[in-house]
Amino acid sequence: MKKLKNLFLVLITLLALNVRAQDQTQAEKLSEVNDKVNGLLERVATDEADLQKLAKIKVSGYIQAQYQNFETPTLLSKSQNYFSLRRVRVKFTYEAADGVKFVLQPDFAPGNLSLKDAYVVVNEHWKKTFSLWAGKFNRPNYEVEYSSSQRELTERSLVIRTLYPGERAIGAKLEYNPLTVPIHFQLAVLNGADGIAINNNAGVNINAADNIDYDNSKDIMARVTYNLPLGSFGGLDFGAHGYFGSLKSMATTTYSSDYSTVKTANIGDKIGKNWIGGEFQLFADVLGGLSVKGEYIAGKNASIGYASTTAIPLGVANFQNNFAGYYLYLIKNLGKKNQFAFRYDYYDPNTDISGKDIMNPSNVKGYAATANLAKKMSSKSDLATSTFGFAFHHYFDDNIRITACYEIVQNEKVGTTAGVSNYTENYTQNDGQVVLKGLDYSKVVPQNVFTLRVQAKF
Amino acid sequence: MKKLNVLKSAIIAVLLGVVCFAFTAAPERITVKGSDTLVILAQKWAEVYMKTNTGVSIQVTGGGSGVGISALINGATDIANASRKMKNTEKDKLKARYNTLGVEVACAKDGITIYLNAASKVKELSIAQLGKIFRGEITNWKEVGGDDQSIKLYGRENSSGTYVFFQENVVQGDYASSCQTLPGTAAVVNAVKKDTYGIGYGGAAYAEGIAICKVKKDDNSPAFAATAETIKTGQYPITRYLYMYLRNRPAGEMKKYIDWILSAEGQKLVVDMGYFPVK
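First to last, the protein sequences are chains A and B. Using the working numbering, the letters of the first sequence correspond one by one to residues 134 to 591. Using the working numbering, the letters of the second sequence correspond one by one to residues 7 to 285.
I should point out that these hints are in silico values taken from the structure, not numbers from a laboratory. Ideal Cβ positions, reconstructed from N, Cα and C, are used throughout, including at glycine. Just so you know, not all the hints are guaranteed correct.
Derived pair list, reagent style DMTMM-like, types lysine to aspartate or glutamate, alpha-carbon separation capped at 25 Å [what the hints assert, rightly or not]: (1) B:Lys261 <-> B:Asp278; (2) B:Lys99 <-> A:Glu288; (3) B:Lys138 <-> A:Glu228; (4) B:Lys91 <-> B:Asp154; (5) A:Lys470 <-> B:Glu110.
If you want the footprint, here are the derived chain B segments under chain A, 3+ residues with CB under 8 Å [as the list claims (entries may be wrong)]: (6) 103-112; (7) 169-183.
One chain only, chain A, in its complex shape (with noise of 0.2 Å):
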């Protein structure tokens, strides 16, 4: 009986023992496994600090194809309808802390290559008002900055895109947007000479590379806009810009925009560009949504000439041209998916010659009227263009538009007055055959332009 006493004793301490051993190994897994969780919230931890970075990247971008046809009877090398790429852009934009951004946008359009937007913008932080603008980024005003993929026609008014060739600029820019008032200022100091060609005496463009400046003159550009509500009827934007700034002279004259006078000018010398506008945008929430926009611009603008190494040729002089253009848009939509859309503009590159005038030897005030300077003293180029332009969108899903745009051109015609010759040009079809004459300004040459275009965002 003692020893199955003590037996059962050896068996309920031996149970114990055993019970002990499966606990501490029940905590040491407990404790594992608490390890490995904890681990795994580590790594969860860094991989959600990793994707918070990645977060602050974002890619959008868009694509346009579309079908064109000129109706125009000349297009040089070019076919009178093709397909093409307007747009293949990507947008990178990194914000790399609060009230830090960095924007990279190159084009990848087939041929041409090229990089858009390269800049980083700077928020202050006591006020949030200010921001400071550096690098490569769209000139302040109004279309230049509406962005191509949202535009209600295919391409930019004539005026605006004369006056600002590629829309974007190399330099510095300081806007101001109070967080009370609906107003907004925007001050930028630019090189000057995007996108303009300046040709030498050999013809060559020495602007082309046009990452620096060309000259030591800065140009100012300023905006201000203001938002004024109009209850439930909708919202009047209304502003102004002005662009005022200069080129540097390598002719040893300079035109003024009537021909009239002849100035000497020195190589080097600021030939000034300037001008100012006016702009409105009306949205009215009427009959499912309805704007109005427009804006004027007029002022002075400089091209640049040449000064000749040799008699003949003869230098091309610097030329100061008087402008005036404006453009008008009605934009309707037509329900969620559909937006209807027309535009008139109008671009006169010279307020100081009428068609009448073009080529006309009597407006040659008291100047040798040699054959190469009389040339230069008017040509199709003061000629005023004036665009109807009428688009249909309809937004296929978020992501793509369907754009059917016709665009009716019209030229300021020469005059055909006695004494005054018709001013014509020669041009050359398709089969290689040089049509004479075939292009008379002192009629509507055709340049009209039908453009189907899919553009895919995302």
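Here the structure of chain A is known, so what remains is to put chain B in place on it, guided by the hints.
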């Protein structure tokens, strides 16, 4: 040539006239998308309204204020719910796409509530302390009267209007990188419920099973909890309106629905669901 110009002008005038007077009838199916703070109230409104207006279908989803406003801009929803005001950049997109400035309807008020775990010793915090906590400058509860334990931050994703409002009005800087972002207010409440040393923020209507932290405007001000009274009087310092945004002035069924939401019946549901009425 002159006749042709007259004909062209007439065609242009007729075309413009037809286009200008074209408009779309208001839909009988209304889609609502946006703020997660508002979603339970919006669902309740839709549910009750559809019971008495059987011909109307109202579909409500969340996703966050930013998601709702983006959907409004790209035409994917008729109403965007938002717990913050529409940004200027969003208004510009609406202008560009629809040529309107949008219509803002304030439909309820909310106090952004600070959620603490039920076991937390901390009962009140000032706006400045909350800012420091969520910026990661205060990292231990003992610095604000609690245990000597690390503070665990829970917040919303950056598409949330609450995230933006809280950042602009309380955090006033970057959120701490340690702040765990969660996909909805309910998730924030659940996380704080389970974490003794957690703190989160969100709409008052979601505050169940957690402790509500009283908030002081500054160190010298008394602390208030978000209640109908303190929100109405403006004593609770983190108060905001909740909005519905539309592309155009409402018409037809949409107008009837909006009018009903702002009526006594609609605003009673606001209170029933734990929010605060606009009037």
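Satisfaction of hint between Asp154 (chain B) and Lys91 (chain B), Cα-Cα up to 25 Å: Not OK: Lys91 (chain B) and Asp154 (chain B) at ~39 Å, beyond 25 Å, violated.
Would you say the region 169-183 of chain B counts as covered by chain A, given the rule of at least 3 residues with C-beta under 8 Å? holds (count 3)
Given pair status - Asp278 (chain B), Lys261 (chain B), alpha carbons within 25 Å: The given pair, whose Cα atoms are some 23 Å apart, holds under the 25 Å limit.
Taking 25 Å as the top limit, are the C-alpha atoms of Lys138 (chain B) and Glu228 (chain A) close enough? Status holds; Cα separation ~22 Å.
Check whether the Cα positions of Lys470 (chain A) and Glu110 (chain B) lie no farther apart than 25 Å. holds (22 Å)
Can the region 103-112 of chain B be counted as covered by chain A under the rule of three residues or more with Cβ-Cβ separation shorter than 8 Å? Held - the region 103-112 of chain B has 6 residues with a Cβ nearer than 8 Å to chain A, which meets the minimum of three.
Holds or violated: Lys99 (chain B) with Glu288 (chain A), Cα cutoff 25 Å? holds (19 Å)
Comparing the model with each numbered hint stated earlier shows that hint 4 is the single one that does not hold.
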